[in-house]
Amino acid sequence: MRSGHRLGHPPGPRPGRQFGWFWAAYGTSALGTWLAFGAFPLIAVQVLHAGPAEVAALSSVGAAVGAAVAVPLGPWVEFRRKRQVLVATDLTRFAALLTVPAAFALGVLTFLQLLLVSVVVAAAEITFRAASGAYLKNLLPADDLLVANARLESTAWTVTIVGPPLGGAAIGLLGPVATVVAEAVGHLLSALGIRAAGGHEPRPERRKAARVRAGDLLDGWRYVLSDTALRPLLFNTALFNGLVMAAQPLLAVQMLGQLGFAPWQYGLAFAAPSIGGLLGSWLARPLVTRFGQHRVLVAAGSLRAVWPIGLAFLGPGTGGLLLVIGVEFGLVLCCGVFNPVHATYRLQRIATDRVTRTLTAWAVTTRATTALLTALWGVLGSLLGPRTAIGLAGVFLLATPLLLRRREEALPAEPKPARNRA
5 MRSGHRLGHP
15 PGPRPGRQFG
25 WFWAAYGTSA
35 LGTWLAFGAF
45 PLIAVQVLHA
55 GPAEVAALSS
65 VGAAVGAAVA
75 VPLGPWVEFR
85 RKRQVLVATD
95 LTRFAALLTV
105 PAAFALGVLT
115 FLQLLLVSVV
125 VAAAEITFRA
135 ASGAYLKNLL
145 PADDLLVANA
155 RLESTAWTVT
165 IVGPPLGGAA
175 IGLLGPVATV
185 VAEAVGHLLS
195 ALGIRAAGGH
205 EPRPERRKAA
215 RVRAGDLLDG
225 WRYVLSDTAL
235 RPLLFNTALF
245 NGLVMAAQPL
255 LAVQMLGQLG
265 FAPWQYGLAF
275 AAPSIGGLLG
285 SWLARPLVTR
295 FGQHRVLVAA
305 GSLRAVWPIG
315 LAFLGPGTGG
325 LLLVIGVEFG
335 LVLCCGVFNP
345 VHATYRLQRI
355 ATDRVTRTLT
365 AWAVTTRATT
375 ALLTALWGVL
385 GSLLGPRTAI
395 GLAGVFLLAT
405 PLLLRRREEA
415 LPAEPKPARN
425 RA
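Quick note on our numbering: the sequence shown kicks off at 5 and runs consecutively.
Please note: incorrect hints may appear among the correct ones.
Computed beta-carbon distance windows for the label pairs [to be verified]:
hint : residue 1 : residue 2 : range
1    : F41       : A146      : 32 to 38 Å
2    : A109      : R294      : 53 to 59 Å
3    : L387      : A72       : 26 to 32 Å
4    : Q50       : L376      : 27 to 33 Å
5    : L326      : V49       : 28 to 34 Å
These are computed hints drawn from the structure, not numbers from a lab.
Note that the Cβ used here is the ideal one computed from N, Cα and C, for glycine as well.
Whole structure, please, built from the sequences with the hints as guidance.
Structure (structure tokens):
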């Protein structure tokens with residue numbers, strides 16, 4: 005084991021060369037995505053002169069339809085080599101995103117094209133994440149999964165810190181279309197990195213049925229809901245993520261409108277706490293080594309729910325800014341610990357031939373829940389006011405730890421493949 009580590013590199017043994025290539029590919033793809041964060045709404049407003057309803061549709065409808073498109077891809081991807089799928093989804097995102105600057109240069113860019121590209125990118129992203137889980141499970145021994153997931157988590161928080169400021173500067177200098185090119189290049193580099201990883205990946209055993217049936221689309225949900233440990237974990241993560249994200253637009257309205265914070269203060273309030281996520285990802289493995297996986301999962305999952313209620317007491321001025329930074333830092337720190345432990349536990353528990361379908365179902369559920377709760381909280385914010393709605397989200401979040409099982413269930417050392425129906 006190494007005695008030290010670099011920025012974005014939590015301590016632990018190196019999982020190997022193939023994972024190193026995948027890790028680098030993940031980093032370049034994530035950096036490109038964060039460089040272009042908010043680019044599509046800006047293009048819709050500045051270039052296409054879209055109104056609020058169209059901009060909202062671009063974010064919500066694109067993500068929702070993309071999630072729906074990803075549902076039938078889960079069963080199909082399950083029986084393909086995952087490295088090939090990862091390369092294909094990266095190249096799909098690269099090609100789709102490049103159509104935006106191409107159409108802009110030719111003067112034929114339309115809102116419909118932006119919407120279609122957002123659908124393709126959302127579907128490809130869900131498929132990529134599901135396939136990457138299956139790829140890691142086949143690539144690494146179970147004991148190395150936490151190290152790998154912690155490093156991916158630390159990379160995600162690193163690019164979250166670095167990407168938006170650089171993207172904002174690029175937008176100011178070159179315009180939002182330039183950052184779309186940067187995101188496309190990031191996905192291209194990711195595809196090249198995964199391709200360079202090499203190695204032999206056996207083709208998953210095919211089912212007797214030649215085609216994907218309608219009933220197969222629900223296999224991921226059936227698998228999760230039948231597992232006494234995964235079922236409450238799915239409900240916990242879906243509700244937690246949905247409630248946290250539902251409060252974000254209301255918090256923006258309150259800070260930038262009612263309380264008069266400057267845009268740079270709003271950005272600082274959410275950029276600075278990302279350091280907590282980086283720190284949490286570094287701590288995940290040492291904490292699991294000392295206290296055990298289940299105890300850390302429950303403790304971090306419970307502690308992350310405590311922080312958001314503090315946003316209901318937000319006031320103006322420096323004190324209010326420090327309150328947001330403190331609350332977000334505590335929240336992100338706990339999430340930085342929880343996320344890699346949660347991802348590892350989930351991979352260890354899912355049978356090998358069910359990983360892609362299950363992770364696809366998981367991603368679709370969390371995204372749909374977030375979209376639904378965001379819409380609901382928008383209505384509550386209009387009726388009750390942003391502060392009250394944010395407080396209600398915090399109160400409901402306090403109940404989410406009840407969905408975490410306090411009793412530890414034994415993990416199968418090597419989950420046997422589930423039997424496919426003929």
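Here's how the hints hold up against the structure:
Distance hint check for F41 and A146: the Cβ-Cβ separation is about 34 Å, which falls inside the suggested range of 32 to 38 Å. Restraint check, A109 to R294: a C-beta distance of roughly 56 Å satisfies the suggested window 53 to 59 Å. For L387 and A72, the Cβ-Cβ distance of about 29 Å falls inside the hinted range of 26 to 32 Å, so the restraint holds. Taking the beta carbon of each, Q50 and L376 are about 30 Å apart, inside 27 to 33 Å as hinted.
Our hint of 28 to 34 Å for L326 and V49 holds, since their Cβ atoms are close to 31 Å apart.
Of the numbered hints listed earlier, not one is contradicted by the structure.
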